[in-house]
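*Asks:* Listed here are the chains, written in short residue letters.
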Amino acid sequence: MPSIENAAEPDAWFKIEQGVFKAGGQWTIAQSARLDQKLRDLDAGSGEIITMDAGGVDRLDSTGAWLLLRTRRALENAGRTVGDLKVPERYASLLENLDRDDKRQGPDKPPPRMSPWQYRLYRIGKATVEAGRQGWRMLGYLGRVTVETGEMIAAPRKNLRFAAMMVQVEETGISALPIVGLLAFLIGVVLAYQGADQLKRFGAEIFTINLLGVGVLREIGGLITAIIVAGRSGSAFTAHLGSMRVNQEIDAMQTMGMNTVDTLVLPRVIGLVIALPLLTFYANIMALIGGAMMCYFNLGITIPVFLRQLNQAVDVSTLMVGLVKAPVFAFVIALVGCYEGFQVERNAASVGQLTTRSVVESVFLVIVLDAAFSVMFSVMGI
Amino acid sequence: MPAEKDASGPGKKDVVIHVKGLVTGFGRKIIHDHLDLDVYRGEVLGVVGGSGSGKSVLLRTIIGLNPPRQGTVEVFGKPAGYAEGARMRALEVRWGVLFQEGALFSSQTIAENIQVPLREYTSMSQELMDEIAAMKIALVGLPPDTALKLPSELSGGMKKRAGLARALALDPELLFLDEPTSGLDPISADQFDQLIRELQQSLGLTVFMVTHDLDSLAAVTDRIAVLIDKKIKTGTIEELRKDKTPWIHEYFSGPRGHAALAGSR
Chain A
0 MPSIENAAEP DAWFKIEQGV FKAGGQWTIA QSARLDQKLR DLDAGSGEII TMDAGGVDRL
60 DSTGAWLLLR TRRALENAGR TVGDLKVPER YASLLENLDR DDKRQGPDKP PPRMSPWQYR
120 LYRIGKATVE AGRQGWRMLG YLGRVTVETG EMIAAPRKNL RFAAMMVQVE ETGISALPIV
180 GLLAFLIGVV LAYQGADQLK RFGAEIFTIN LLGVGVLREI GGLITAIIVA GRSGSAFTAH
240 LGSMRVNQEI DAMQTMGMNT VDTLVLPRVI GLVIALPLLT FYANIMALIG GAMMCYFNLG
300 ITIPVFLRQL NQAVDVSTLM VGLVKAPVFA FVIALVGCYE GFQVERNAAS VGQLTTRSVV
360 ESVFLVIVLD AAFSVMFSVM GI
Chain B
0 MPAEKDASGP GKKDVVIHVK GLVTGFGRKI IHDHLDLDVY RGEVLGVVGG SGSGKSVLLR
60 TIIGLNPPRQ GTVEVFGKPA GYAEGARMRA LEVRWGVLFQ EGALFSSQTI AENIQVPLRE
120 YTSMSQELMD EIAAMKIALV GLPPDTALKL PSELSGGMKK RAGLARALAL DPELLFLDEP
180 TSGLDPISAD QFDQLIRELQ QSLGLTVFMV THDLDSLAAV TDRIAVLIDK KIKTGTIEEL
240 RKDKTPWIHE YFSGPRGHAA LAGSR
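Chains as they are written, first to last, in numbering that gives the first Met the number 0: chain A, 0 to 381; chain B, 0 to 264.
Accuracy of the hints is not assured; some may be wrong.
Chain A is nowhere near these chain B residues, computed Cβ spacing over 10 Å in every case [claimed, not checked]: (1) D35; (2) Q99; (3) V115; (4) A137; (5) E197; (6) E238; (7) G256.
A few chain A residues facing chain B, derived, Cβ under 7 Å [as the list claims (entries may be wrong)]: (8) S61; (9) A126; (10) E129; (11) I178; (12) E344; (13) G351.
Since the hints were made in silico from the structure, they are not lab data.
Even glycine gets a Cβ: it sits at the ideal position worked out from N, Cα and C.
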C-alpha cells in the first residue's frame with residue numbers, strides 16, 4: 000500500500016516536563032498515526048496546572064493542530080487546568096479556527112457506533128420491514144396499472160401509443176429470437192438426451208418423446224422464455240426508466256401533464272404481453288426440434304415416427320396450458336421492471352442496484368407463479 | 000522536506016505549478032497553444048475564460064487526467080501531467096481536488112468519503128480517522144450529523160463543502176477547485192468564497208481555482224489568469240481592468256464585472 004508515512008522526515012515529539020507539555024518537530028498528517036497512539040497513552044502525571052508549549056513545532060497542519068487540541072481536552076478531562084497552548088506565530092490562526100469549530104460542534108462528535116451484533120440485528124430487521132413495504136407498494140402499483148390497462152381496453156383513448164407498443168414488441172420479442180431460439184433448442188437436446196438415457200433401461204425409449212412433448216409444452220418452454228425475457232427486457236425496462244429518472248426526464252413529463260403510466264408503462268406492459276406468448280410458442284417449437292434431432296441421432300427415431308408419437312402424447316390443450324401462463328408472466332415482468340425503474344434515485348449506484356433487484360424479483364415471481372399455476376391446474380384436473 | 004515557507008511572509012516567490020509550452024487538443028481542435036503559466040506558493044489564482052476556452056482542460060492536464068500533446072507541467076518542481084505510478088502518487092498526496100459536482104462516492108457516507116485517502120495513504124486507527132473526518136466536516140462548516148449521511152441526502156452546496164472536506168483530508172499544500180461556486184445561490188456562494196479564503200490563510204494553501212463567478216474572483220483571488228486565444232494572460236484584477244484586449248475588457252467592464260468589482264471595494 001502506498002503511504003505518505005515513510006517520508007524521511009524528522010520525528011514529531013512531545014514530553015511532559017515540570018508541568019509543561021512540550022512538543023516539537025513535524026506535527027503533520029504523515030506523523031499522525033504514530034503520534035495518535037502515543038498521545039492516547041499519555042500519562043497526565045500529577046499537579047494542578049499544566050501549560051502546553053508547542054513552540055518547537057517546525058510544521059503544523061490541520062491534523063497536527065487537531066491532535067494538540069485533543070490532547071488539551073484529554074488533559075482537562077483528567078482534571079488538570081491547562082494554561083496556555085503556545086504555537087509558533089504563523090500557526091496561531093489555524094489553531095484558533097479549529098478550536099472555534101470544535102467548540103461550536105460540541106465535545107461528543109462521532110455518534111456511537113453499533114456493536115456488530117446490534118448492527119446485524121438492525122440490518123435483518125430493516126430488511127424484513129423493507130421487504131414487507133416493497134410487497135405492499137408493488138401491490139399498489141399492480142392495482143394502478145391494472146386499472147389503467149382496464150380503462151384503456153374498455154375505452155381506447157386516442158393517445159394510445161401504438162407505435163411505442165410496437166417498438167416494445169420488436170425490442171422484447173423479435174430481438175430476443177436468436178437467444179431464446181438457441182437456448183430452447185439446447186434445452187430440448189438436453190431433455191431428450193437425459194430422458195432417453197433413463198428410459199432406455201426400461202426399453203421405453205419411445206416415451207422420450209412423451210417426456211419431451213409434455214415437459215416442453217407445459218412447463219419448460221414457457222419458463223425458460225420468461226426467465227430469459229426477465230433478464231433481458233425486465234432489466235432493460237428498469238435501466239431505461241431509471242436513467243430517465245436520473246436525467247429528470249420523468250419529472251419533465253409529469254410537469255407537462257403527461258401520464259407516465261400511459262406513456263411509459265402501458266406500451267411496455269402491453270408490448271411484452273403480446274410478445275412473450277409468441278416467443279414462448281417459438282421456443283416450444285425450437286425445443287421440440289432440438290429434441291427431435293437428439294432422438295434421431297441418439298435413438299435412431301426418424302422424424303415421421305417422432306411426429307406420430309408426439310401426436311399421441313400431446314394435444315392442443317397441452318400447448319394451451321403452457322401458453323396461457325405466458326401473458327401473466329409477461330405482465331409481472333413488465334410491471335416489476337417498470338416499477339423498479341420508477342424507484343431509482345438520482346444517483347448512479349441506484350440504477351445498478353434497482354436493475355439487479357428488478358431481475359431477481361421478476362425471476363422469483365415467475366417461478367412462484369409457475370408453481371401456483373401447477374397447483375391450480377392439478378386441482379382443476381387439467 | 001524543506002522547511003515550509005511562511006505563507007504570509009514576503010520573500011522570493013516560490014513556484015508551485017510551472018507550465019511551459021503546453022499544447023493540448025482533441026482531434027484537430029487545438030485548445031492550448033504553447034501556453035505558459037506559473038503559480039506561486041501561498042497565492043489564490045483564479046482562472047477565467049469564455050465557454051470552451053479550455054479552463055477545465057487546463058486543470059485536468061495539470062492534475063494528470065488529460066495527456067498534453069507538447070510541453071511540460073511541473074508541480075512542486077517535479078514533472079506532473081500524465082506521469083505514471085509512484086511518481087504521480089507522490090504528487091497526488093500533496094494536492095487536493097474539488098470537482099464541480101463534488102464527485103463524492105455515492106455509495107459511501109460523507110465520513111467514509113473523507114476517510115478514503117486516509118485509509119489509502121496512512122495507517123491511522125479507525126478511531127483517529129473518525130475524529131479527523133469529524134474535524135474536517137467542522138472545518139468546512141457542515142453540521143456534525145453530516146458524517147453519517149450519503150451524498151444523495153445532501154444539497155448541492157453541502158456536497159461541495161463535503162467534496163472540499165475530502166480534498167483537504169490529507170492536508171494538501173495545493174488545492175484545485177473546479178468552479179466551486181457554480182450552481183450555488185449568491186449567499187451560499189459568498190459563504191463558500193469566504194470559507195476558501197479562510198482555509199487558504201489558516202492552512203497556508205496554494206489555490207488554483209477555475210471559475211465563472213466574478214464575485215468570487217474579486218473576493219478570493221490574488222491573481223487572475225485569463226485564457227484567451229489559446230494562451231493565457233495573468234495579472235491582478237487591477238492590471239487586467241486596464242487591459243485593452245476586447246474579451247478581457249468586455250469581461251471586466253461589462254455590467255456584471257462592474258457590479259462585482261464595485262462590491263469588492
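*Asks:* Would you assess whether G256(B), listed as outside the interface, keeps its beta-carbon beyond 10 Å of every beta-carbon in chain A?
*Replies:* holds, 32 Å
*Asks:* Please verify that the nearest CB of chain A lies beyond 10 Å from E197(B)'s CB.
*Replies:* The claim is violated: E197(B) sits with its nearest Cβ about 7 Å from chain A, within 10 Å.
*Asks:* Please settle this one: V115(B) was flagged as non-interface, so is its CB more than 10 Å from every CB on chain A?
*Replies:* With a cut-off of 10 Å, V115(B) remains clear of chain A, as the shortest Cβ separation is near 13 Å.
*Asks:* Hint validation: E344(A) versus chain B, beta carbon distance must be below 7 Å. Holds or violated?
*Replies:* holds, 6 Å
*Asks:* Are all beta-carbon distances from Q99(B) to chain A longer than 10 Å?
*Replies:* holds, 16 Å
*Asks:* Verify the interface restraint on E129(A): the C-beta must sit less than 7 Å from at least one C-beta of chain B.
*Replies:* violated, 16 Å
*Asks:* Holds or violated: is the Cβ of I178(A) closer than 7 Å to a Cβ in chain B?
*Replies:* Check failed: Cβ of I178(A) comes no nearer than 32 Å to chain B, outside 7 Å.
*Asks:* Should the hint that A126(A) touches chain B count as held when the rule is a Cβ pair under 7 Å?
*Replies:* violated, 17 Å
*Asks:* Is the Cβ of D35(B) farther than 10 Å from every Cβ of chain A?
*Replies:* holds, 31 Å
*Asks:* Would you check whether the claim that A137(B) is not at the interface survives, using Cβ distances to chain A and the 10 Å cut-off?
*Replies:* violated, 4 Å
*Asks:* Would you settle whether the hint for S61(A) is holds or violated, based on the nearest Cβ-Cβ distance to chain B being less than 7 Å?
*Replies:* For S61(A), the interface hint holds, since the closest Cβ of chain B sits about 6 Å away, which is under 7 Å.
*Asks:* Mind verifying the non-interface call on E238(B)? Its CB should be farther than 10 Å from each CB in chain A.
*Replies:* holds, 29 Å
In this structure, the earlier hints numbered 4, 5, 9, 10, 11 and 13 are contradicted, and the remaining ones agree with it.
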